[in-house]
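Whenever a hint applies, use it, and build me the whole structure from the sequences.
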Amino acid sequence: MIVRNKVRSFLTMLGIVIGITAVMIVLSVGESVQGLILNEVKSIGSNLVGVLPGYSDENSPPSSVFGVVITSLKYGDGEAILKGNYPHIESLAMYVSGSDIVTVEDNKVSTTFYGTTASYLDVQNSSIEEGRFFTEEEEVANARVLVLGNQIAKDLFGDQDPIGKKIKIKKANFTVIGILKKKGGSLIQNEDGNLFVPISTAQNILLGINHISFMRAKIDKTENIDGAIEYIKDVLRDRHNIIDLKEDDFTVRSTTQALETISLITNALRFFLVAIAAISLIVGGFGIMNIMLATVQERTKEIGLRKAIGAKNTDITRQFLIEAMAITFISGIIGIVIGSLILILISVIINALNYHWDLIISPISIILGCIVSIGIGLIFGIAPARKASLLNPIEALRYE
Amino acid sequence: MLISVKNLQKDFINDDVVTSVLKGVTFDIEKGEFVSIMGPSGSGKSTLMHILSFLDKATGGTYNFETRDVSKLNDDELAEMRSKKVGFIFQSFNLLNRSSVLENVMLPLVYTDTLNDERVKRAKDLLEKVGLSHRLNYSPNKLSGGEKQRVAIARALINSPEVIFADEPTGNLDSKSGAQVMKILQDLNDQGHTIILVTHEKATAEHAERIIRIKDGVILDDSKVLQRLRAGGEVLNK
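As given, the protein sequences belong to chains A and B, one line each in that order. Position in the first sequence (from 1) plus 6 gives the number in the working numbering. Position in the second sequence (from 1) plus 32 gives the number in the working numbering.
Note that these hints are calculated values from the structure, not bench results. No residue lacks a Cβ here, since even glycine has one placed at the ideal position from N, Cα and C.
Taking lysine-lysine pairs in the DSS-like style, the calculated list, with each CA pair at most 30 Å apart, reads:
hint, chain 1, residue 1, chain 2, residue 2
1, A, K307, B, K174
2, A, K307, B, K234
3, B, K89, A, K318
4, A, K318, B, K153
5, B, K104, A, K318
6, A, K318, B, K117
7, B, K156, A, K307
8, B, K89, A, K307
9, B, K156, A, K318
10, A, K318, B, K38
11, B, K174, A, K12
12, B, K247, B, K63
13, B, K161, A, K307
14, B, K116, A, K393
15, B, K116, A, K318
16, A, K393, B, K117
17, B, K104, A, K307
18, A, K12, A, K393
19, A, K307, B, K116
20, B, K89, A, K393
21, B, K63, A, K318
22, B, K117, A, K307
23, A, K393, B, K104
24, B, K247, A, K307
25, B, K234, B, K55
26, B, K208, A, K307
27, A, K307, B, K215
28, B, K153, A, K307
Reference listing, derived: stretches of chain B covered by chain A, where coverage requires no fewer than 3 residues with Cβ under 8 Å from a Cβ of chain A:
hint, stretch
29, 108-116
30, 122-131
31, 136-145
This is the structure we're talking about:
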């Protein structure tokens, strides 16, 4: 039957193939994302505390993460936190960002520029490859100096030495003073592709704003993070005159917490996608049921013959159940193969984009794919198989 | 006694309308007999054959096969009787076109616990007997009608049945192939096989030793064939 009606069988199998492919991808990508998050924690360090504008509850990110502009955080807030001389805060960096297309001779790159503080290198665990980072004096003096990420330096200048060269951002001239070391991609920030200028320059010359986007504080030890978070909250509440805690206009969170939030979101997404895959599998199951009913109809005479020569009802049931399960199992295998190919493709693309991505083809998803596909054949094959087994052999033999 | 039926009845009930197809049929068949059941269409001969071959159940009377009371058998036991005790030859051959000739012949053994090597050996032997050993891997739809029916005969013999039921075996064949098939049946009978032939044609029926004539669900006549036809046209006096 499978061989005889190739097109029909293929179309019937499609639902299962798509479903299994989806399950495969969702489960495996899920595992890769977990790996990505762990890698993230490692690369930026687990002892960072982020301060974002806008209130949020425990488990969700503040709306500023989604692009809503909230202006409640100011440069002075960061200064105040540092001035308190809280013993466990080693350093603190502030950030604003914008984007522009930067051109050097023939090279045109669309990029994100960050206005940040001189403490950036320390907080981010970054280091300079060539030249220098800007100083605290430059940070507040609207200095038109610029540090290049490792990749963008190559993209813009090729083999030339960029130090001392001029770059225009938003029609303002900047002098390149340094290049950062290559760091590799990350979820939060792709440092290698970014430009860095003093925060005052970015606020006043490039963006025309007086708030900041976020800050990050580096804490000396992991066990002091909670204390530091409370300290920062106290300072900000004091400065912003907040009495009721629910009126907080900022969110303070450790990177670990932030990444946990990301995991939570990806898990919810995974669950949602698996649910969609399940729907595809159920639809596919009905397709199998449909084709098996058609097959039983077409092969009525054969069923009659088989019964005449001694097949019991259970023999007929078994035959059609095995056939249904064979179809769904083959579909499952095809789905697993296609899913694996897509996963390999995803990994190649993401790695080409300079992000860290482990190619994980989750063994659980393969086992699950096999079991689920056979299970669907069993569940949706029962009704047609029973119908076949209950045919009256005399009438079946006469069927034309 | 191989087959013994007494006052066998069969009623079909359709929308509260009861149709009596068999109205009390009584006869015995000995092992090794070649019996024709003959009658016009609607006479009840097919229904009788279905009951005798365990495909259907009587609604009255008794049917004993060997020593067993067939009316007391359940569906699985009937299937087992079909598997072990009877072989079928149909008018329309009923071969599976997507299986090879060899596989078709082996098919009844799928429902027994015969080992595969044994299945192949027996099927090859039988196909040789019916003169088709050169067609083992053909699809049945590549064969002529006569060849198809010979495949079906081989299939009917594979489980060494007690009785072979032949339902209008020459109905779809030209006279030459038909004669060939009847000759094989007579040879099988000569070798000791019990054969029950169902037909509406007198000429076909007369290849048997005994004809049970049936009409409107009752037996008109049950007698030995005096002028028995020998396949190939010659007439033999038995």
